[in-house]
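K.L.:
Residue numbers (our numbering), protein chains in the order written: chain E, 92 to 417; chain S, 841 to 1123.
Bear in mind the hints are in silico, worked out from the structure with no lab data behind them. A portion of the hints provided could be inaccurate.
Covered by chain E, according to a simulated footprint, are these stretches of chain S (three or more residues, beta-carbon under 8 Å) [said to hold, decoys possible]: (1) 972-980; (2) 999-1013.
Calculated cross-link-like contacts (lysine-lysine; reagent style DSS-like; alpha-carbon spacing at most 30 Å) [unchecked claim]: (3) E:K120 <-> S:K988; (4) S:K987 <-> E:K256; (5) S:K955 <-> E:K251; (6) S:K864 <-> E:K120; (7) E:K395 <-> E:K340; (8) S:K987 <-> E:K120; (9) S:K864 <-> E:K256; (10) S:K959 <-> E:K144; (11) S:K988 <-> E:K121; (12) E:K121 <-> S:K983; (13) S:K1014 <-> E:K144; (14) E:K191 <-> S:K959; (15) S:K910 <-> E:K191; (16) S:K856 <-> S:K1014; (17) E:K143 <-> S:K1014; (18) S:K983 <-> E:K120; (19) E:K143 <-> S:K899; (20) E:K191 <-> S:K1014; (21) E:K191 <-> S:K864; (22) E:K256 <-> S:K988; (23) E:K256 <-> E:K292; (24) S:K959 <-> E:K256; (25) E:K143 <-> S:K988; (26) E:K144 <-> S:K988; (27) S:K910 <-> E:K256; (28) E:K251 <-> S:K983; (29) S:K864 <-> S:K899; (30) E:K256 <-> S:K856; (31) S:K955 <-> E:K191; (32) E:K256 <-> S:K1078; (33) S:K902 <-> E:K144; (34) E:K191 <-> S:K1120.
Simulated restraints on C-beta separations [claimed, not checked]: (35) S:L985 <-> E:Y391: 22 to 28 Å; (36) S:K910 <-> E:K256: 32 to 38 Å; (37) S:D958 <-> E:D313: 43 to 49 Å; (38) E:E363 <-> S:S1034: 45 to 51 Å; (39) E:K333 <-> S:D958: 43 to 49 Å.
Beta carbons: idealized from backbone N, C-alpha and C, even for Gly.
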Amino acid sequence: MKLDNSKVKLYSQIGTRATFGLACIELLKKYENLMVCTADVSTSAGLDRFRKKYPNNYIDVGIAEQNLIGVATGLSELNFKVITTTFSPFQALRCLEQIKVNLGYMQNKVVMVGLASGLVLGSLGFTHASIEDVGALRSIPNLNLICPSDSGEVVKALDKALENKNSTYIRLTGGSNNTIINQDDYDFEIGKSIELKKGHKVCIISNGQILSECLAAANKLDEINISTSVINMHTIKPIDEKKIFEISKKYKLVVSVEEHNVIGGLGSAVAEQLIKIENSPPQALIGIQDYYEKGGNYFYLKNKYSISSEKIFEKIKNSYECLRKI
Amino acid sequence: MEEFMQIDLDTKKRVKLVANTVRKKILLMAFSAGQSSAHIGGALSSADIISTLYETVFKINKKNIHDEEKDRFILSKGHGCLTYYAILNHLGFITDDELLTFEKDGSILLGHPVKNRDKGIEFSNGSLGMGLSIGVGLAIGYKRLNKKNNVYVILGDGECNEGSVWESFMCANKFNLDNLFVFIDNNKFQQTGSNDEILINNNLNDKLSAFGWNAKKINGHSIEEIYDFLVTNKNNQKPNIAICETIKGKGVSFIENNNDWHHTVLTKKNYDIAINELNKNEA
């Protein structure tokens, strides 16, 4: 699906969730047999219009996520293109074993959309903030994991996930009025990362809305002569091995930045590749250091967890300077 | 108005014989599994349900197994797979040699079913409480496609401890799934004791009626009653469920109602005694 330049601004204003709802209407034009399944979250997922206009392509199973994945599995068996959605903790963890057995082991195909993942719902507490979804899902074979950088990329990721042979979990981050990472249309392929900014000393690998913090940090690093690249590693699984190999040969320091626990997430996935490469550069893992912070809004929590642009800048600066002393 | 259809005598006789054969094959596989043990009691309790289903309304063969028009079956109580493998062997999907590979290294026939459409195994099951949801999804799908296919699911009574089963029970009524036929193999035991000892779950008939199902308590070893449940058209758009009163270990005197046989080793001596008992039914 092409990114419609005129819609990019609207998408960013309404945020990834509402964009998802709009995208479903577009996708129905392409896939007549699309079935969107929810667990009582039509409003939160921007699906109210879809629900009203296309009742035959919409299924609400109530607040019952285990059944949601089971029902989606049954539908996929009849070759429907199936999307399920609810808030990220319930989409990824409440029904984790159904995902394992039905989508991983049995390989039925469903596209799952985890709403408001990461820290954006932090003021609701850590029942709703979601810093574990990637780690849990990454250990299940036959599953793609995508964390789109902005609203437009949500549309592209959905389209590609529906075409792909495997099931996919799409992790939505950020709130409304989010930062536009991709202004113009571009090629999006599952498993193929995108270079957002070129540099030659440090390489930041990240994904999701936190990329906006990374880009700001990278620009500041450039100013103090630490030329920094930023890679949008939107697909966490299958990870772009080729790109990570290239990065390992090119930079002095690799930094992974994630709005997720550093255990099991993007940083782990990058480290698993780097460790296989001879003389690879050191990696700094920036993310949530395996603890639950007191709740608070998105900006509060990004600061607390040191994943704001300021904190990312400082951490990378310090790491790079330490490296030069060695 | 309900419309009844009586099973004819020849069919009933044939199904009975098939169920007896299924029981013998269950024991053969359990015996060949040796020290790796097998779920025997809960396999024997559902032999009449599966045999009636496969020999009457759910007609599958190697030619139609991939047909879109074919009905669908889910063994949600996946540990009861010996019954499943036995009927699929009887129908020619699984060879006699394959039957003897049960639970052996690299086998296609493990202690819980692994999806293998060519062999007639439609879904991977084993983790309890997941199969009915898939059945509900299939049944909704057929309705949306305006297709007449039916969906058949067998649940265990112990399996109904799982909350996810009740999520599916609640969901089925919302979508008017009269194309969904569910059996609960109510043999009154689960892994480490009777249902009453582990988790009381009585009055399933009342509970499921209250959930909006056509619920019916039947004798799960009566070919007539199982058949009647399958073919009676209730004309009320509700999903259908039979609470099948069964005996765990049914058909072998020393296994019946003895929960030591939930998952255990079948020795040569016990195998011979059991087969002798079952052979007498064919005399």
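K.L.:
Hint by hint, say whether it matches the structure.
P.N.:
Results for each hint:
1. 972-980: It holds: at least three residues are needed, and the segment 972-980 of chain S offers 9 whose Cβ sits within less than 8 Å of chain E.
2. 999-1013: Contact hint for the segment 999-1013 of chain S vs chain E: holds, 6 residues under 8 Å.
3. E:K120 <-> S:K988: holds, 27 Å
4. S:K987 <-> E:K256: holds, 26 Å
5. S:K955 <-> E:K251: holds, 26 Å
6. S:K864 <-> E:K120: Between K864 (chain S) and K120 (chain E) the Cα gap is close to 54 Å, so the pair fails against 30 Å, i.e. violated.
7. E:K395 <-> E:K340: violated, 33 Å
8. S:K987 <-> E:K120: holds, 23 Å
9. S:K864 <-> E:K256: violated, 41 Å
10. S:K959 <-> E:K144: At roughly 42 Å apart (the allowed maximum being 30 Å), K144 (chain E) and K959 (chain S) break the hint.
11. S:K988 <-> E:K121: Between K988 (chain S) and K121 (chain E) the Cα gap is close to 27 Å, so the pair holds against 30 Å.
12. E:K121 <-> S:K983: Within the cut-off at roughly 22 Å; holds.
13. S:K1014 <-> E:K144: At roughly 19 Å apart (the allowed maximum being 30 Å), K144 (chain E) and K1014 (chain S) satisfy the hint.
14. E:K191 <-> S:K959: holds, 23 Å
15. S:K910 <-> E:K191: Holds, at roughly 27 Å.
16. S:K856 <-> S:K1014: Measuring from Cα to Cα gives roughly 36 Å; hence the hint is violated.
17. E:K143 <-> S:K1014: holds, 17 Å
18. S:K983 <-> E:K120: Answer holds: K983 (chain S) to K120 (chain E) is near 21 Å, not above 30 Å.
19. E:K143 <-> S:K899: Roughly 39 Å separates the two Cα atoms, so the pair is violated.
20. E:K191 <-> S:K1014: Between K191 (chain E) and K1014 (chain S) the Cα gap is close to 27 Å, so the pair holds against 30 Å.
21. E:K191 <-> S:K864: Violated, at roughly 34 Å.
22. E:K256 <-> S:K988: holds, 28 Å
23. E:K256 <-> E:K292: violated, 38 Å
24. S:K959 <-> E:K256: holds, 23 Å
25. E:K143 <-> S:K988: Answer holds: K143 (chain E) to K988 (chain S) is near 26 Å, not above 30 Å.
26. E:K144 <-> S:K988: Distance of about 26 Å is within 30 Å: holds.
27. S:K910 <-> E:K256: holds, 24 Å
28. E:K251 <-> S:K983: Roughly 28 Å between the alpha carbons, so the hint for K251 (chain E) and K983 (chain S) holds.
29. S:K864 <-> S:K899: Between K864 (chain S) and K899 (chain S) the Cα gap is close to 22 Å, so the pair holds against 30 Å.
30. E:K256 <-> S:K856: violated, 44 Å
31. S:K955 <-> E:K191: Status holds; Cα separation ~14 Å.
32. E:K256 <-> S:K1078: Given pair K256 (chain E), K1078 (chain S) is violated - Cα atoms ~35 Å apart, limit 30 Å.
33. S:K902 <-> E:K144: violated, 42 Å
34. E:K191 <-> S:K1120: violated, 45 Å
35. S:L985 <-> E:Y391: 22 to 28 Å: violated, 49 Å
36. S:K910 <-> E:K256: 32 to 38 Å: violated, 24 Å
37. S:D958 <-> E:D313: 43 to 49 Å: Roughly 59 Å apart at Cβ, these two residues miss the hinted range, so it is violated.
38. E:E363 <-> S:S1034: 45 to 51 Å: holds, 48 Å
39. E:K333 <-> S:D958: 43 to 49 Å: violated, 36 Å
Against the hints set out earlier in the document, violations occur for numbers 6, 7, 9, 10, 16, 19, 21, 23, 30, 32, 33, 34, 35, 36, 37, 39.
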